[in-house]
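Trainee: The primary structure of each chain is shown beneath.
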Amino acid sequence: MDAISSRRFPALAGGLGRVLLPRLFQAGLVAWLVGTLTFVLTRTLPGDMAYRIAAGRYGHDMVNSAAAEAVRAELALDQPALLAYLHWLGDLLRLDLGNSLVSGEPVIHELSHQLGHSLGLAMVAVLLSLLLGPPLGLAAGLRPGGWWDRVSEGLASLLRALPPFALGLLLILLFSVSLGWLPAAGHGRTAHFVLPALTLALALAAVSSRVARNAMVEVSGSAYYAFSRTKGLGERLSFLRHGLRNAAVPIVAYLGVQFVYLIEGVVVVETLFAWPGIGHALVHAIVARDVPMIQGTALVMGLMFVALNTGVDLLCHGLDPRRRQS
Amino acid sequence: MSDSLLEVSALTIRGEGVTIAPVDFSLARGGRLTLLGETGSGKSLIAQAIMGTLPKGLSARGELTIEGDGFAAAEGAARRALWGRRLALLPQEPWHALDPTMRAGAQVAESHRYLRGLGRRRAREAALHDLAGLGLAGAEARLPGELSGGMAQRVAFAAASAGGAPIVIADEPTKGLDAPRRDAVVKLLAGTPERGGALLTITHDIEVARRLGGEVIVLRQGRVVERGPAEQLLSAPRSDYTRQLLDAEPARWPAPPPPPATAEEPVVEARGLAKWRGGRELFCDLDLSLRPGEIVGVVGPSGCGKSTLGDLLLGLAERDCGEIWRAPGQRLAFQKLYQDPPAAFSPHWTLARLLEDLVRRHRLDRDAIAPLMARLGLDPALLARRPGEISGGELQRFAILRVLLMEPRFLFADEPTSRLDPITQRDTLALLVELARERHCAVMLVSHDPALIERVCDQRLVLGGEEAERVPEDLAALAV
Amino acid sequence: MSATTLFTAGRAGRRRLATRQRLGLGLLGLLLAIAWLTPWLHDADPARQQLVRILELPSLVAPLGTDHLGRDLLARTAAALRLSLGMALLSVISAAVPGILLGVIAGWRGGWVDRVLGSLADACLALPGLLLVLLLVAIAPGNFWALYVGIALVLWIEYFRVVRARTRVLVASPQLQASRLLGFGPGYLFRRHLWPELAPQVLTLAAFGAASAILAMAALGFVSVGLRPPTAELGLMMTELLPYYHEAPWAMAQPILALCLLVLSLNLLAGKDPR
Chain A
25 MDAISSRRFP ALAGGLGRVL LPRLFQAGLV AWLVGTLTFV LTRTLPGDMA YRIAAGRYGH
85 DMVNSAAAEA VRAELALDQP ALLAYLHWLG DLLRLDLGNS LVSGEPVIHE LSHQLGHSLG
145 LAMVAVLLSL LLGPPLGLAA GLRPGGWWDR VSEGLASLLR ALPPFALGLL LILLFSVSLG
205 WLPAAGHGRT AHFVLPALTL ALALAAVSSR VARNAMVEVS GSAYYAFSRT KGLGERLSFL
265 RHGLRNAAVP IVAYLGVQFV YLIEGVVVVE TLFAWPGIGH ALVHAIVARD VPMIQGTALV
325 MGLMFVALNT GVDLLCHGLD PRRRQS
Chain B
1271 MSDSLLEVSA LTIRGEGVTI APVDFSLARG GRLTLLGETG SGKSLIAQAI MGTLPKGLSA
1331 RGELTIEGDG FAAAEGAARR ALWGRRLALL PQEPWHALDP TMRAGAQVAE SHRYLRGLGR
1391 RRAREAALHD LAGLGLAGAE ARLPGELSGG MAQRVAFAAA SAGGAPIVIA DEPTKGLDAP
1451 RRDAVVKLLA GTPERGGALL TITHDIEVAR RLGGEVIVLR QGRVVERGPA EQLLSAPRSD
1511 YTRQLLDAEP ARWPAPPPPP ATAEEPVVEA RGLAKWRGGR ELFCDLDLSL RPGEIVGVVG
1571 PSGCGKSTLG DLLLGLAERD CGEIWRAPGQ RLAFQKLYQD PPAAFSPHWT LARLLEDLVR
1631 RHRLDRDAIA PLMARLGLDP ALLARRPGEI SGGELQRFAI LRVLLMEPRF LFADEPTSRL
1691 DPITQRDTLA LLVELARERH CAVMLVSHDP ALIERVCDQR LVLGGEEAER VPEDLAALAV
Chain C
8 MSATTLFTAG RAGRRRLATR QRLGLGLLGL LLAIAWLTPW LHDADPARQQ LVRILELPSL
68 VAPLGTDHLG RDLLARTAAA LRLSLGMALL SVISAAVPGI LLGVIAGWRG GWVDRVLGSL
128 ADACLALPGL LLVLLLVAIA PGNFWALYVG IALVLWIEYF RVVRARTRVL VASPQLQASR
188 LLGFGPGYLF RRHLWPELAP QVLTLAAFGA ASAILAMAAL GFVSVGLRPP TAELGLMMTE
248 LLPYYHEAPW AMAQPILALC LLVLSLNLLA GKDPR
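Chains as they are written, first to last, in the numbering used here: chain A, 25 to 350; chain B, 1271 to 1750; chain C, 8 to 282.
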């Protein structure tokens, strides 16, 4: 094995660049897109932008026309659009996200709290979904057309038809309102994690179980799976040595697609469960038209998406030796 | 223990439009048996019935005796414990039979480890030893995608036989391999009976049966047509069908008629042609010219650029060097026949529709179609079907019909019969040659079978000579 | 053996709807009928408040009861279904047409055209779809058209990618090469070779796309950044009726059920499991 791993190492190093560079580019694109869209937002806001930002910065009582003028000059709001746009992107590049118009706190400061909460929720949800979906899907895929395959297909269809907010609502009504087992909303104790994480996890598992099922059907119908059985490895060893890895490749690759649902779900589920994370903050910021917060939260969510996808790429890279070949 | 390793008595297979009449045979130590038959003869099903891997909907009956132990053919699951240890199956398409995400060495080592119970390290050493013995030293770290077809076949052989099973069943082991690689595989298989095992081979290739020797059973549509020792059966067949089958072998085709003496201008001519692919030179400084009605054969091992040469002449590929001159006039008079007939048609429309499209597009004469179809032996009822719903031979004749309607001057036939059964292959090629001569159409025929080219063509072009010479070295390495 | 595989390949090539797709089509037809026939059969304004008749049980006057402002729920649910279906149809069409067109062009031409269009699609996918829609909605709050542009901008990529990949394979295939050699032009090649292959996939994408458009609009309505009250919109109705869960569970259930059935019918119509 040593010979193989030493051979593998340079291939890994060479292949990694091809994995990471596009993602780095994507991260830059996310920042640019968010910056540009929020810049357009500042230009379309009703009322005097300078006053609003000054109010956000110094408090409503302290604002006067002199302070507004200072802000106007600083943010280049009195300048032509193109110059102001460059100025805006420049600030973004220096990671100067400004202060929230609502709380007056620096955006970065608020984000650092919220990010922890959102990441915690997302991690628990993804782990839970991985514990639920793929094993159930693999079980269904080992006997396609069997009773478990049909039951799990019906369940998955039903769950996929329920959007996360409706699913969350039903879970609240069942576990909090009717049974009183779990808190409906809030944050702080472990019990608070259960419902929002379960809501997200069920939606993710519904899809990943079917992906796993199809992957397993494909693998178990393949010539190499049949060969591993006829060469005498038996059911269990064939599954462990040739089934799992090959089925895992599409499951993991599909996680990347699922993260789109995850990010969307986080926005809705956090709002529903009053979870103090990024998604909740984004919705609040949009309602309050708090431009710096919109920019900050959207940026962080976009970058989180890129980071998760990078993780998936790396995992695929590790799982599938074909990707390491040049 | 008796001398017989595998005994099959009154084996029948039934279900879903398949019936295999009772088959009996027995294989002693050192014995070799070949089941020979065309597509649909049920030869692969017999192998599956012995292994116990018949697809759903098919059931087997009869008795099997494996190394003295009796089994009911109907209970396939009972033989799973024998897999790898007493029964080894060499898979049909080795490329697909190897796990694409596992390195070659590990795929062989796992058989040693789990079937023979060797430790991790000793299993690995045994695998390296096996691979080196097969001329694959240094290939253990490669993924199946990086192996050639012949190498993959040898890796699969090592993985299948590592468990030390005395009975080896090889199901179409030479499918898709060219002549030198086919002979290498036959040599590899012959090693099993030489070591005291028994070999059951399933093939459509008469040459494989001849080289393996032993007993041969000829099957046709689920029935045993004839059986006997290979030398006798293959030299003096008793049944008509076997005779037909043997006559369909290119080497036995009637000698070609002398090429028509024509002084006409060439249809297409090439001078100093060269082509590179992936930094490798396929051919260079190639001269050729085709006159009307002339048939030129191109032979060479896989990947030597045979298809590329034809595409260059048709203008479908770009040349790297040299000159190509085509007879002035219609661009549409340069046509092509494809290796895989269904892939050359859109599967969604009936043949009548596709033919009608062609007639309308070029305002062809509708009355010319019926006689031509009769010549090609095509039933008009087939027109109502879609390309996927008729046999490969029929579809290839439709492709010929379609092309002939365009009144071609040059036809590039890229292994047009390699996916057809031998009898169909001979008939299809004979028709093609006859029609081409009659209509003064030059044909460039590609094949991996030199005997076929020799029997059909007026001129012969060999590509990739050095490649061809390298294979015998492989063979030498195989003398285990 | 090759004869049987040929046969099955031919059968799969034919366009026929599977049982689950027919089920989805039936369900979708039913919802369409409810959405568009209700205004004809049941004369009630979805926006008219009657504060003396709040949260009434279903009756002959209001077959599905009334909401917390005394508005007729049947009329509101039907109006919300019309809105959702209208948005779905509009965004699917405006995503499919450019998606297919650009996909065929990119797959066919290859080279720099393919690279430019491919990067454009990647750029649109850099942000998760809903985030892009949210930002556009922030620029024009409560505006149906901002919502629509955002959704269509996200959806076209899926068509583009699938069509491009399939086209690229087909353009290099013997069947297309054979037809070209026989002198057929691009129009014919598209009609006879490309479209029959693409159509089932486009149908699947359209059904999934319609479902995601409907879900996106409802999700934004639910978190109060989508369309504004008093519009009858499924997500918005859920938020509005949530506080009255105890008094009127039947009212709360209606938008949820309508949304689920709508999405379920589209998922069934799509036919296959995801990708």
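Be aware that one or more of the hints could be misleading.
[Said to hold, decoys possible] Derived EDC-like pairs: lysine to aspartate or glutamate, alpha-carbon spacing no greater than 20 Å straight-line:
#1 B:K1326 with A:D173
#2 B:K1326 with B:E1286
#3 B:K1457 with B:D1610
#4 B:K1326 with A:D337
#5 B:K1445 with B:E1496
#6 B:K1326 with B:D1339
#7 B:K1457 with B:E1501
#8 B:K1326 with A:E259
#9 B:K1445 with B:E1286
No wet-lab data here; the hints were simulated from the structure.
Note that this is a predicted model, so its numbers are computed, not measured.
Trainee: The structure should be examined with respect to each hint, and the outcome stated for every one.
Mentor: Results of checking the hints against the structure:
{"no.": "1", "hint": "B:K1326 with A:D173", "in the structure": "18 Å, holds"}
{"no.": "2", "hint": "B:K1326 with B:E1286", "in the structure": "10 Å, holds"}
{"no.": "3", "hint": "B:K1457 with B:D1610", "in the structure": "29 Å, violated"}
{"no.": "4", "hint": "B:K1326 with A:D337", "in the structure": "39 Å, violated"}
{"no.": "5", "hint": "B:K1445 with B:E1496", "in the structure": "23 Å, violated"}
{"no.": "6", "hint": "B:K1326 with B:D1339", "in the structure": "26 Å, violated"}
{"no.": "7", "hint": "B:K1457 with B:E1501", "in the structure": "17 Å, holds"}
{"no.": "8", "hint": "B:K1326 with A:E259", "in the structure": "18 Å, holds"}
{"no.": "9", "hint": "B:K1445 with B:E1286", "in the structure": "26 Å, violated"}
Going down the numbered hints, you'll see the structure goes against 3, 4, 5, 6, 9, while the others check out.
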